[in-house]
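Position 31 (the sequence shown) corresponds to 30 in numbering that gives the first Met the number 0; numbering is contiguous.
Just so you know, these hints were derived from the structure itself, not from any lab.
Please note: incorrect hints may appear among the correct ones.
Said to hold, decoys possible - In silico SDA-like pairs for lysine to any residue, Cα to Cα no more than 25 Å straight-line:
{"#": "1", "residue 1": "Lys33", "residue 2": "Phe23"}
{"#": "2", "residue 1": "Lys33", "residue 2": "Leu19"}
{"#": "3", "residue 1": "Lys33", "residue 2": "Leu12"}
Unchecked claim - Derived Cβ-Cβ restraints for the label pairs, each shown as a range:
{"#": "4", "residue 1": "Leu7", "residue 2": "Val38", "range": "32 to 40 Å"}
{"#": "5", "residue 1": "Leu19", "residue 2": "Arg43", "range": "30 to 38 Å"}
{"#": "6", "residue 1": "Glu2", "residue 2": "Leu41", "range": "28 to 36 Å"}
{"#": "7", "residue 1": "Ile40", "residue 2": "Asp4", "range": "35 to 43 Å"}
{"#": "8", "residue 1": "Thr32", "residue 2": "Ala6", "range": "34 to 42 Å"}
{"#": "9", "residue 1": "Val38", "residue 2": "Ser13", "range": "46 to 54 Å"}
{"#": "10", "residue 1": "Pro11", "residue 2": "Gln44", "range": "24 to 32 Å"}
{"#": "11", "residue 1": "Leu7", "residue 2": "Leu41", "range": "28 to 36 Å"}
{"#": "12", "residue 1": "Val3", "residue 2": "Ala36", "range": "49 to 57 Å"}
{"#": "13", "residue 1": "Ile9", "residue 2": "Ser29", "range": "51 to 59 Å"}
{"#": "14", "residue 1": "Ala6", "residue 2": "Leu37", "range": "39 to 47 Å"}
{"#": "15", "residue 1": "Glu10", "residue 2": "Gln44", "range": "45 to 53 Å"}
{"#": "16", "residue 1": "Leu41", "residue 2": "Ile9", "range": "44 to 52 Å"}
{"#": "17", "residue 1": "Asp1", "residue 2": "Met34", "range": "35 to 43 Å"}
Ideal Cβ positions, reconstructed from N, Cα and C, are used throughout, including at glycine.
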Amino acid sequence: MDEVDVALYIEPLSDAIKDLREQFNLFTMSFNTKMDALVDILNRQ
Numbered sequence: 000m001d002e003v004d005v006a007l008y009i010e011p012l013s014d015a016i017k018d019l020r021e022q023f024n025l026f027t028m029s030f031n032t033k034m035d036a037l038v039d040i041l042n043r044q
């Protein structure tokens with residue numbers, strides 16, 4: 000493999016990792032919001 004082949008191989012993997020990281024961050028924020036709401040509900044009882 001020459002440098003161009005490596006770049007063509009790695010670039011899509013890098014993009015996929017960035018997308019997964021972004022999706023994970025969005026999931027984490029949503030999960031934290033839901034857990035905070037649940038804690039508030041439980042504390043009111």
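Open item on the list: Name the hints, by number, that the structure is in violation of.
Closed with: Structure breaks hints 3, 4, 6, 7, 9, 10, 11, 13 and 17.
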